[in-house]
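Put together the whole structure using the sequences plus the hints.
Protein sequence lines correspond, in order, to chains A and B. All letters in the first sequence, in the order written, are residues 0 to 209 by numbering that gives the first Met the number 0. All letters in the second sequence, in the order written, are residues 0 to 209 by numbering that gives the first Met the number 0.
These aren't lab readings, by the way, just hints derived from the structure by calculation. Errors might be hidden in some of the hints.
Identical copies look the same in the list; a pair holds intra-copy or inter-copy alike.
Listed below are the simulated DSS-like cross-link pairs for lysine-lysine, each with C-alpha atoms no more than 30 Å apart in a straight line [unchecked claim]:
# : residue 1 : residue 2
1 : K35       : K48
2 : K135      : K48
3 : K6        : K154
Since the model is a prediction, treat every value here as computed from it, not as a measurement.
Here are the chains, one letter per residue:
There are 2 protein chains.
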Amino acid sequence: MSRLDTKQRILDAAEQLFARDGFHRTSLRAITSKAKVNLAAVNYHFGSKKALLEAVFERRLLPLNRTRKERLEEVLQNARKRGVRPEVRDIMRAFIEPTFRFRESEPGAQDFIKLIGRSIVTPDSTAKTVLLRFMKPILKTLSEALTEALPELPKDVLLWRLYFSIGALAHTMHLDKRFQFEPLNLKAETDVKSLTNMLITFVTAGMEAS
Amino acid sequence: MSRLDTKQRILDAAEQLFARDGFHRTSLRAITSKAKVNLAAVNYHFGSKKALLEAVFERRLLPLNRTRKERLEEVLQNARKRGVRPEVRDIMRAFIEPTFRFRESEPGAQDFIKLIGRSIVTPDSTAKTVLLRFMKPILKTLSEALTEALPELPKDVLLWRLYFSIGALAHTMHLDKRFQFEPLNLKAETDVKSLTNMLITFVTAGMEAS
DNA sequence: CTTTAATTCAAACAAATGTTTTAATTAAAC
DNA sequence: GTTTAATTAAAACATTTGTTTGAATTAAAG
Chain A
0 MSRLDTKQRI LDAAEQLFAR DGFHRTSLRA ITSKAKVNLA AVNYHFGSKK
50 ALLEAVFERR LLPLNRTRKE RLEEVLQNAR KRGVRPEVRD IMRAFIEPTF
100 RFRESEPGAQ DFIKLIGRSI VTPDSTAKTV LLRFMKPILK TLSEALTEAL
150 PELPKDVLLW RLYFSIGALA HTMHLDKRFQ FEPLNLKAET DVKSLTNMLI
200 TFVTAGMEAS
Chain B
0 MSRLDTKQRI LDAAEQLFAR DGFHRTSLRA ITSKAKVNLA AVNYHFGSKK
50 ALLEAVFERR LLPLNRTRKE RLEEVLQNAR KRGVRPEVRD IMRAFIEPTF
100 RFRESEPGAQ DFIKLIGRSI VTPDSTAKTV LLRFMKPILK TLSEALTEAL
150 PELPKDVLLW RLYFSIGALA HTMHLDKRFQ FEPLNLKAET DVKSLTNMLI
200 TFVTAGMEAS
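Pasting the structure below:
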């Protein structure tokens, strides 16, 4: 068993189980059983359960946020070239679309998106603390882009609206092929393109509300 | 120690700790320690940890949902009397405002609102399952009211927008005097009236987006 | 091939957890 | 006051959990 293989298998299993059951409710024995490795391998390769969580985040979030940042900068540059304000819709799309694209790229990515969504909205938890550390730079970039798009909007109102948007996005990330929001008969069968567009329409309208 | 006192103390402690740490991460020993009762009292009075959770929800959610339902029906009746469609804003206010009003009524209520917010957005967990059972009727009423307000909107789009709104509301429920969303420098010091209005404005615009 | 380093293995450790059990205490009924 | 019912208390049970330990195995280096 190669070193890279063991680590990958642990990361894959952890990603899946953290997403499904949360950080605290996922035991290391469940992860190692799923990964078919020995329990002590977690400590050997990652040091601790928390460090494993950080590794899970880092593996996927750095590239995802890089994509988001590139998309955002593209929107801003295009607007500056044309001497106009960036469009809120383009900004929100730049942030949201890579999320859904990424989710569709492979099964593990779907679990990861679920884990992010879950971690954003869980107060005071280890996962959230770790996640926000990774998210802080991109959220800063996002709020600055929105300030350019909506310069007359009071800063606190803008940030609150962004906060609501993040809540809506995070909530949407929970859905997958197996999960449905039963009270509203919502199923995740909706194709991802129209779901993305619906969400972008919703948050754009909310950001621009007068 | 009277019977009502013990039960209340357990419920109060459970409410607070479930909100802070979640259902699974809160041990019965933590609850009973906080409530200053014996561990076996939980089993004696409630039967199981899960039944305690249900009792926590039931205690607060039934009156809260009753208020919401009354408010919704009032909006609908007023509109029907005037022979017009109900306003989306009025509908969302009828659903959201009692939540914030309730949160401000006492410290325990704030914990409870946090617990709801937390439970709505946690996939596949005991708390969510229990909560949605209580929420199903009011969500049905809400979606019906919105259908009256937005009769031309395709039903699935309406339901998705409602789902996004619930995500935004749930995310907002996490904030309290101690908690802030650090990446955006958001603090819960914003007065509740303007926060309520900001959220209602946001989701109303999102629901009405064209 | 031998030596060193890396990795895996299995057991152990100390602590935590929900539920159950039995005895003791308290409260209510008469 | 006595009897019955309700409630609390403390211990036990069986299981689970993250971390650690030392030995065994495998891989890499020379």
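Here's how the hints hold up against the structure:
{"no.": "1", "hint": "K35 - K48", "verdict": "within (17 Å within a copy, 32 Å between copies)"}
{"no.": "2", "hint": "K135 - K48", "verdict": "within (23 Å within a copy, 37 Å between copies)"}
{"no.": "3", "hint": "K6 - K154", "verdict": "neither (44 Å within a copy, 46 Å between copies)"}
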